[in-house]
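Asks: The residues making up each chain are set out below.
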Amino acid sequence: MTKHELVVIGGGPAGLAAALAAWEQGVRDILILERDKEAGGILNQCIHNGFGLHRFKEELTGPEYAGRFIDLVKQTDIRIRTDTMVLDLTADRILHTVSPQHGYEAIQAGAVILAMGCRERTRGAISIPGARCSGIFTAGAAQRFLNIEGYMVGKRVVILGSGDIGLIMARRMTLEGAKVLACVELMPYSGGLNRNIVQCLHDFDIPLYLSHTVTDIRGRDRLEQVVVSEVDERRNPIPGTEMVFDCDTLLLSVGLLPENELSRQAGIEIDPRTNGPVVWENRETSIPGVFACGNVLHVHDLVDYVSAESESAGAAAAAYLQGIRAEGEEVRLIPGSGVGYTVPQHFHRGVENVEIFFRVRNIYHNAAIRVTDGEKQIARFKREHMAPGEMENVRIPKVLLDRIAGNTLTVEIEEAAQ
Amino acid sequence: MKELICITCPKGCHLKVDEETFAVTGNSCPRGAVYGANELRSPVRVVTSTVVVEGPARRLPVKTDRPIPKGKMFAVMEEIAKLRVKAPVAVGDILIPNVAGTDGNVVATKNLQ
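Quick note, the sequences are listed as chains A and B, same order.
The opening position of the first sequence corresponds to residue 182 in the numbering used here, with each subsequent residue numbered one higher.
The opening position of the second sequence corresponds to residue 770 in the numbering used here, with each subsequent residue numbered one higher.
Rather than coming from a laboratory, the hints here were simulated on the basis of the structure.
Among these hints, one or two may not hold up.
Covered stretches of chain A (chain B as the covering partner; in silico rule of three or more C-beta atoms under 8 Å from a C-beta of chain B) [unchecked claim]: (1) 244-258; (2) 309-323; (3) 368-378; (4) 396-402; (5) 497-503.
Here are the simulated DSSO-like cross-link-like pairs (lysine-lysine), alpha carbons at most 30 Å apart as the crow flies [stated by the list, open to error]: (6) A:LYS255 <-> B:LYS855; (7) B:LYS851 <-> A:LYS336; (8) A:LYS360 <-> B:LYS841; (9) A:LYS360 <-> B:LYS851; (10) B:LYS785 <-> A:LYS563; (11) B:LYS771 <-> A:LYS360; (12) A:LYS184 <-> B:LYS851.
Only a predicted model underlies this, so the values are computations on that prediction, with no experimental measurement involved.
Virtual Cβ for every residue (Gly too), placed ideally from N, Cα, C.
So here's chain A without its partners, still in its complex pose (with noise of 0.2 Å):
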C-alpha cells in the first residue's frame, strides 16, 4: 500500500483549488486522482463564456477557467493521476482505486477531500412516461457530445427544465443549426439565471413554456414527438392543454446530484436536503480528516464560489495534516421557514466568524434573512431580491456569534408586508 499526505478525488474546478490551497499552506505531498483523461472536470465541455467575474473580474470560457488552475498545479509538485477511478473509501481514509497505468492500488491518505462533483437526474429520476426511444439525452451527455466528442446529437430539440446547462445547450444546439422548438419547465420560474434566459432563449426566440411539463414521448426507435401540457398550482398535468412537438431530440435539464457513493461507502454522514455530506464550517465530514468541497458537497450555480469553498477545504486539511483541530461545542444550524438547506450544517462555538450558505425556497423581493437563537434575533439581513436559483450567503461575526445561549441557530426569511 503506498502513502500520502492528502489524496484529492476529482480533479475539477474544486479539486484543483483545494489541492493548490493545500499546497500553499504547506503540505508537499498531494495526489490528485482523476478519473477522466484530463484534469479541468466539467469545466471542459462548458465552452461557453461567464466563468470567474468574481473570481478574475473577467469573463472566461470554462476551458480557460480550468486552464489557470491547472497552469497553477503545473507550478508546484502536486502530482494529477488521470484515467483513475476510486472504487472505495474506508473510514480509516483507505483508497482501493483502478487505473490503466497502476492497476489496483490501494492508498493510505493521512487525510482525503472529497471532490467528486455531482452528476444529473435522469429521465427515471424524474418518471416521463411514454416511448423508451433513442434521442433522449441528459442536457450535460449532450453538451459532452458535442463540445469534447463533435457530434450533434440531433435537428430538431425540446429541452425539459429550464436550469442553465438547459439554457445554454437551447444556444448552442441554435448555433450549430438545430431547430430548438421550446423550453419546458415545471415550476412556475425558471431554475437558470436571467442573464441566460435572455441570451441564450430570448436571443433566438426559444418559446419558454412555465409551468408546463413533457407528459407523452412518442417514437419507434428515434424519438418521433413529445406532448407537453400545462399544469396547475400542484404541479399536475391539466387536461386538454396538450401541445404536440415534432422533434428528434429531447433534452433533460432537470437538477444535479451530488455524486456520494465513495462518501456512503465510507461511512460519512449525508444530509438529505443537500444530498451531500453534513460538514462543519472548516468543510470537515463527519470522519475526521476527511473533506468536501464543490458540488459534492452542494449544487452551486457559479464555479467562483467552488473555488473559494474548496480553497477553505484544502486550507482546513492541511491545518489538519499539521495536527491542528477544529474544536468547541457543536452549534447546529438549522433551517427554517423559506430555507431549503444550510451549508455548514454545524460548527463550534468560539470560531471567529461563519459564513452561512444557503438556498431559499421560493421567489422573494425585498424580504430578509433572519437569523435567530430561539426566539432572540442575532442578525438581520435585508434583501431586494432573492430566488432558488441562486445561492444566498450570509456572514455571521463573532461578535454576534457570541450572543448565542443555545445550542442551534436557525436561518429563515421574513417576508416582506403586503
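With the hints as your guide, set chain B onto chain A.
Replies: Just chain B, lined up with the frame of chain A:
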C-alpha cells in the same frame, strides 16, 4: 417601447426602453440604463464554439475575443465551421482574425499539445 430583462446582475429588472430616445425605465440602478440603451442601439455577444482538430484530440474550444454584433453570430459560426487546426495551439492564439468582417478575432480557449 421595447421590453427587456436586464442581464447586468442576477436581479433581472424588467426594463422598458424607448426605441427613439433610448430612455430606460424599470431599472433600479444606472447600469441597467446603460445596458438597456446599448441593447437597442447595437446589441453585441461573445460567440463560443469548437473547431475540428486534425489529430487525436477531437475538438478545440474557441471564442471571439470581444463581443461581436448580435446579427453576425451565424456568419461567425460559418467561418468557425470551416476552420481546421493542428497542434500546437495555445490559449489566446488568434485562429481567425477579424472574423466575418467584425473587429473580433476567433481565439483558442484551451491549449492543444
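Asks: If a hint holds in the structure, say so; if it does not, say that too.
Replies: Do the hints match the structure? See the list:
1. Residue count for the segment 244-258 of chain A with a Cβ under 8 Å from a Cβ of chain B: 3. That meets the three needed, and the coverage hint holds.
2. With 0 residues carrying a beta carbon less than 8 Å from a beta carbon of chain B, the segment 309-323 of chain A misses the three-residue requirement, and the given coverage is violated.
3. Only residues whose beta carbon comes within less than 8 Å of a beta carbon in chain B count, and the segment 368-378 of chain A has 4; three or more means the coverage holds.
4. Only when three residues or more bring their CB closer than 8 Å to a CB of chain B does the claim for the segment 396-402 of chain A stand; here the count is 0, and the claim is violated.
5. Residue count for the segment 497-503 of chain A with a Cβ under 8 Å from a Cβ of chain B: 0. That is fewer than the three needed, and the coverage hint is violated.
6. With a CA separation close to 24 Å, the supplied pair A:LYS255 and B:LYS855 stays within the 30 Å bound.
7. Distance restraint check for B:LYS851 and A:LYS336: the Cα-Cα separation of roughly 20 Å lies within the 30 Å cut-off, and the hinted pair is therefore satisfied.
8. Restraint check for A:LYS360 and B:LYS841: the C-alpha separation of about 18 Å stays at or below 30 Å, so the hint holds.
9. For the hint pairing A:LYS360 with B:LYS851, the CA-to-CA distance comes to about 21 Å; that is within 30 Å, so the pair holds.
10. Restraint check: the Cα-Cα separation between B:LYS785 and A:LYS563 comes to about 26 Å, which is no more than 30 Å; the hinted pair holds.
11. Of the supplied pair hints, the one linking B:LYS771 and A:LYS360 holds, its CA atoms being roughly 26 Å apart against a limit of 30 Å.
12. With a CA separation close to 50 Å, the supplied pair A:LYS184 and B:LYS851 exceeds the 30 Å bound.
Consistency note: the structure conflicts with the earlier hints numbered 2, 4, 5 and 12.
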